[in-house]
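Top line first, the protein sequences correspond to chains A and B.
Numbering-wise (our numbering), the first sequence opens with residue 1 and increments by one.
Numbering-wise (our numbering), the second sequence opens with residue 558 and increments by one.
Treat the hints with care, since some could be wrong.
[Said to hold, decoys possible] Distance condition first, Cα-Cα at most 30 Å in a straight line; then the derived DSBU-like pairs of lysine-lysine:
#	chain 1	residue 1	chain 2	residue 2
1	B	K625	A	K120
2	B	K620	A	K55
3	A	K492	B	K683
4	B	K625	A	K19
5	B	K683	A	K126
6	A	K479	A	K239
7	B	K683	A	K479
[Unchecked claim] Going by beta-carbon spacing under 10 Å, a handful of chain A positions derived as facing chain B:
#	residue
8	L67
9	T95
10	R99
11	L315
12	V426
Derived from the structure by calculation, the hints contain no laboratory data.
All C-beta atoms, glycine included, are put in the ideal place defined by N, C-alpha and C.
Letter by letter, the chains look like this.
Protein chains: 2
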Amino acid sequence: MKQSQLFTKTSKTVSADIKIASHKFLIQAGFISESVAGRYYFLPLGMRVRDKVIKIIEEEMNKAGALKLITPVLHPLEFWKETARTESVGFELMTIKDRNGSGFVLGGTAEEMMVDLVRKYNISYKDLPFNIYQFSQKFRDEMRARGGLLRVREFLMKDAYSFHADEEDFKKEYQKMWDTYMNIFNRLGLETVVVESDNGYIGGDYCHEFVVKSEVGESKFFISEDGKYASHEDTAKFKKEDKNNTEEEKELREVEANRGKTMEDGVKFHNLPLWQQIKDVLFINEKGEYILAIIRGDLDVNETKLKNISGAIDLRMATDEEVRAIGSEPGFISPVGIDKKVKVIADESLRTIKNAYGGANKKNLDLMNVNIDRDFKTEIEGDIAMAKSEFESLDGSILKEDKGIEVGNIFQLGYHYSKKMNAKFVDNDGQEKFYYMGCYGIGVDRTVATIVEKYNDDKGILWPESVAPFKVHLISLGKNEEAENIYNDLIKSGVEVLYDDREVSAGEKFADSDLIGIPYRVVISKKSLKNGGAEIKKRNEKESRIVKIEDITKEIN
Amino acid sequence: MKQSQLFTKTSKTVSADIKIASHKFLIQAGFISESVAGRYYFLPLGMRVRDKVIKIIEEEMNKAGALKLITPVLHPLEFWKETARTESVGFELMTIKDRNGSGFVLGGTAEEMMVDLVRKYNISYKDLPFNIYQFSQKFRDEMRARGGLLRVREFLMKDAYSFHADEEDFKKEYQKMWDTYMNIFNRLGLETVVVESDNGYIGGDYCHEFVVKSEVGESKFFISEDGKYASHEDTAKFKKEDKNNTEEEKELREVEANRGKTMEDGVKFHNLPLWQQIKDVLFINEKGEYILAIIRGDLDVNETKLKNISGAIDLRMATDEEVRAIGSEPGFISPVGIDKKVKVIADESLRTIKNAYGGANKKNLDLMNVNIDRDFKTEIEGDIAMAKSEFESLDGSILKEDKGIEVGNIFQLGYHYSKKMNAKFVDNDGQEKFYYMGCYGIGVDRTVATIVEKYNDDKGILWPESVAPFKVHLISLGKNEEAENIYNDLIKSGVEVLYDDREVSAGEKFADSDLIGIPYRVVISKKSLKNGGAEIKKRNEKESRIVKIEDITKEIN
Chain A
1 MKQSQLFTKT
11 SKTVSADIKI
21 ASHKFLIQAG
31 FISESVAGRY
41 YFLPLGMRVR
51 DKVIKIIEEE
61 MNKAGALKLI
71 TPVLHPLEFW
81 KETARTESVG
91 FELMTIKDRN
101 GSGFVLGGTA
111 EEMMVDLVRK
121 YNISYKDLPF
131 NIYQFSQKFR
141 DEMRARGGLL
151 RVREFLMKDA
161 YSFHADEEDF
171 KKEYQKMWDT
181 YMNIFNRLGL
191 ETVVVESDNG
201 YIGGDYCHEF
211 VVKSEVGESK
221 FFISEDGKYA
231 SHEDTAKFKK
241 EDKNNTEEEK
251 ELREVEANRG
261 KTMEDGVKFH
271 NLPLWQQIKD
281 VLFINEKGEY
291 ILAIIRGDLD
301 VNETKLKNIS
311 GAIDLRMATD
321 EEVRAIGSEP
331 GFISPVGIDK
341 KVKVIADESL
351 RTIKNAYGGA
361 NKKNLDLMNV
371 NIDRDFKTEI
381 EGDIAMAKSE
391 FESLDGSILK
401 EDKGIEVGNI
411 FQLGYHYSKK
421 MNAKFVDNDG
431 QEKFYYMGCY
441 GIGVDRTVAT
451 IVEKYNDDKG
461 ILWPESVAPF
471 KVHLISLGKN
481 EEAENIYNDL
491 IKSGVEVLYD
501 DREVSAGEKF
511 ADSDLIGIPY
521 RVVISKKSLK
531 NGGAEIKKRN
541 EKESRIVKIE
551 DITKEIN
Chain B
558 MKQSQLFTKT
568 SKTVSADIKI
578 ASHKFLIQAG
588 FISESVAGRY
598 YFLPLGMRVR
608 DKVIKIIEEE
618 MNKAGALKLI
628 TPVLHPLEFW
638 KETARTESVG
648 FELMTIKDRN
658 GSGFVLGGTA
668 EEMMVDLVRK
678 YNISYKDLPF
688 NIYQFSQKFR
698 DEMRARGGLL
708 RVREFLMKDA
718 YSFHADEEDF
728 KKEYQKMWDT
738 YMNIFNRLGL
748 ETVVVESDNG
758 YIGGDYCHEF
768 VVKSEVGESK
778 FFISEDGKYA
788 SHEDTAKFKK
798 EDKNNTEEEK
808 ELREVEANRG
818 KTMEDGVKFH
828 NLPLWQQIKD
838 VLFINEKGEY
848 ILAIIRGDLD
858 VNETKLKNIS
868 GAIDLRMATD
878 EEVRAIGSEP
888 GFISPVGIDK
898 KVKVIADESL
908 RTIKNAYGGA
918 NKKNLDLMNV
928 NIDRDFKTEI
938 EGDIAMAKSE
948 FESLDGSILK
958 EDKGIEVGNI
968 FQLGYHYSKK
978 MNAKFVDNDG
988 QEKFYYMGCY
998 GIGVDRTVAT
1008 IVEKYNDDKG
1018 ILWPESVAPF
1028 KVHLISLGKN
1038 EEAENIYNDL
1048 IKSGVEVLYD
1058 DREVSAGEKF
1068 ADSDLIGIPY
1078 RVVISKKSLK
1088 NGGAEIKKRN
1098 EKESRIVKIE
1108 DITKEIN
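The shape of chain A in the complex, shown without the other chains:
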């Protein structure tokens, strides 16, 4: 198309608040425009890129046998009540009533809609498995939108849902989707790390994020040096080495401890190692119940793991008043003799130590030689610890922290939704059985931004050919018929070309071309014609070269 006919224009500057390359360049070059915070227009250039991303995702999903459909944007609220997600999603959920008083959710994901659709059909084991997907606008009522398309309140998502007779069959699909995602991101020019992650409010037992490493990403993860293990910080497991757990258990005793409230105060006062101290963190869940998380002193509590193990939807730290209200004391909390209404959840690291020390639920009193089982009982014991760089993975490789942008995710859902929504098929023994499910998402808009994060320089974007808005940026300097002819020739041979026919300076044209980032730049000027043709240069090349007019199309294809 002719650039004079693009109603959008590049801008020389953007707001100083904009720090991130993709945010800056997508706005500056006219790919997107912000409506209100976190809600964006995709402008003509941006639409071309987004449509190409969509096409690649669609082709690969279809190749994997998935079926495209689309659900209404408004999801009946009653379905979200069936799965209790009106509670678990929390403030991010947007709801609306129609004039008849019926309630609807503006969907963030569509598990309920897909399960409701499927449960209307009489489906036999012979019809299984199937994987149905859509591209549709999703809504998240984020408190803060940031980073352009990286964290928004409205976005296009490809969400797929697979239905299976059993776990074994599901696992094949999970692997197929994993491979499909690798193909998709590969075609999009994105190298991804697949990291184990938390399933949040989606439900199910396990899931993986596809993360593109980036300094501006919000997904923190650990990856082992041998590359065999990668996990989000919320879920990363690590080896908890034995400390003194072969020691004899000594007698429990209470001592005066005129110390401050921190862990370091305890170490100094008793002159004992940090790891031998018990760290006690008192939480209150969304129902107002007390949860005491205890862990070895040199480790930290991972709230996501704690939420999952305790079944809490929301957790907050107890205040000093709340600590005292259950007869304990800030800085001196102990599982020993704690109020019976407190649920004690212990990290498995407490099995690596003996004769621990810590508070005695009274001010300036500590307990020495505290031992699990003998001195206190736990309600739940498991992994509630936060990994750190340099810790060892379970199979002994060193963990390194990294971060990136989550562009896709795949979830095992198991029976989570099918049981809650009573969705069944008829198995070959004639019995009705619940579907075993999975779901698979890609954030389309965020993917567009991530491509820009990976492909930019100080002058603008460098689009990979697979998603570039045009393949060729044809620039005419001064009026000349040749440019018009080349434009028509390129179009005839099926090349997507943006033709800068504007009456602006050469400098402005070159700056805009670098900013927009089309892979090939073809310049026609009196000078180039005198030199025998057009100047061609790829966006990532420094120097242009002269190509004869008649060879341009060949050169580009």
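We have chain A; now place chain B onto it with these hints.
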């Protein structure tokens, strides 16, 4: 694709409430599924059709130089306040607040969003005109949804908005969009009538509907026998022939009239023609103001015209009590001596008669020889009459009533939005001027349904090739390798084929094939192979013919 892998299935019956062919067949054949009333899933087969409709619209819009983009689904409520559409749209508008308390509209159309986008740019006359469009989900909080995809609460719409320096330039675009729509509907297999229509809450001075004639449509219109004039019933103009308007004006007098309240009662009592009687209809607008519509007795008041001429957003008939409250009497209302707070709006037909008769604002009293100007004044005089079949168009051709489905519309908006939203460009004299605008819509989902309304028989759908979900329905009767080979050959040669590989009876396969309505049916069976190949038949043909296996692809292309 293989039919065994379609998770949806055809059904033998549908609910008895479903009367309309498109509603019935689209559900029965598995193209769509209702979520809740007026909100539909497009299933895999339906998506294929819808995607083809979208592609055709997109190709033609691009050919016309329009630029595709997309706005957020949630429109800031403040923009709709700028244009006062929060009031004029009425109950159909859905609004929502986010957690920060910001209000949003779930858009029914996107004039505000497009104008807000455009007014952010510095646009010069050199950049004009441009036409920007999107495909996006639209919301209308209809009281009643009906007829499957014909009247829904959520639907995909192609909406385009053009920006111009002046009316002259706009008119070229209006014609271009008119032609583009003709091309689009032509490619979709739909013959349309272009009828003048009311602009409703969109604003602007004139607009046209593209209507496909159909018994199940809700758009009633009049078309002149010579085909030169077509107009929606809300807007249709007609010739109001002179009656006795050359008569001398006689003296106004009040007579006792012990009669009933209807127009017929007046005719009988006075033994005078219906046309000589004045018809008085008292309305109350949304502000509670009285409006008295008066018209020649043989004509009816057109409420849409009355709304437009009076500037009312909403009108309702006054109750008997309300008629008495202004000192008049039901059945005896008269503009002569009516309460001053009543706004009198007269149809121009009152200029075609003299010495009319009618009520005297008192029970059982009539006025004889009532003459406009002499006996009463009007606040507005114009066309508020409803056309009827057999009336004459303004240029003398007979009007016939017809009805159909509105699949598209084009609107002159003029300065309606640009002035309200202060959207300006810089003209070549350096002055800032308001944009002159138009907008252009196509209801994608309704278009899909309309195609089915036009292309069906008692067995199912007959898709036009341009939008058929597949070109070929390959049916294998009994297991045979040939079918699999032909399937692979067809795919290789780029033919879209649905392969019925299910283990069900021949009868079921044929019935499903007729229901789904794919243009070519190719049957492979032992019998057909013995007869030398495959049986080929078009969906609209009665008899099949044998084609050699190696000639199938050629036969179809």
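Hint check results:
| no. | hint | result |
| --- | --- | --- |
| 1 | B:K625 - A:K120 | violated, 37 Å |
| 2 | B:K620 - A:K55 | holds, 21 Å |
| 3 | A:K492 - B:K683 | holds, 27 Å |
| 4 | B:K625 - A:K19 | holds, 28 Å |
| 5 | B:K683 - A:K126 | violated, 63 Å |
| 6 | A:K479 - A:K239 | violated, 70 Å |
| 7 | B:K683 - A:K479 | holds, 17 Å |
| 8 | L67 | holds, 4 Å |
| 9 | T95 | holds, 8 Å |
| 10 | R99 | holds, 5 Å |
| 11 | L315 | violated, 20 Å |
| 12 | V426 | violated, 13 Å |
Violated hints for the displayed structure, listed by number in ascending order: 1, 5, 6, 11, 12.
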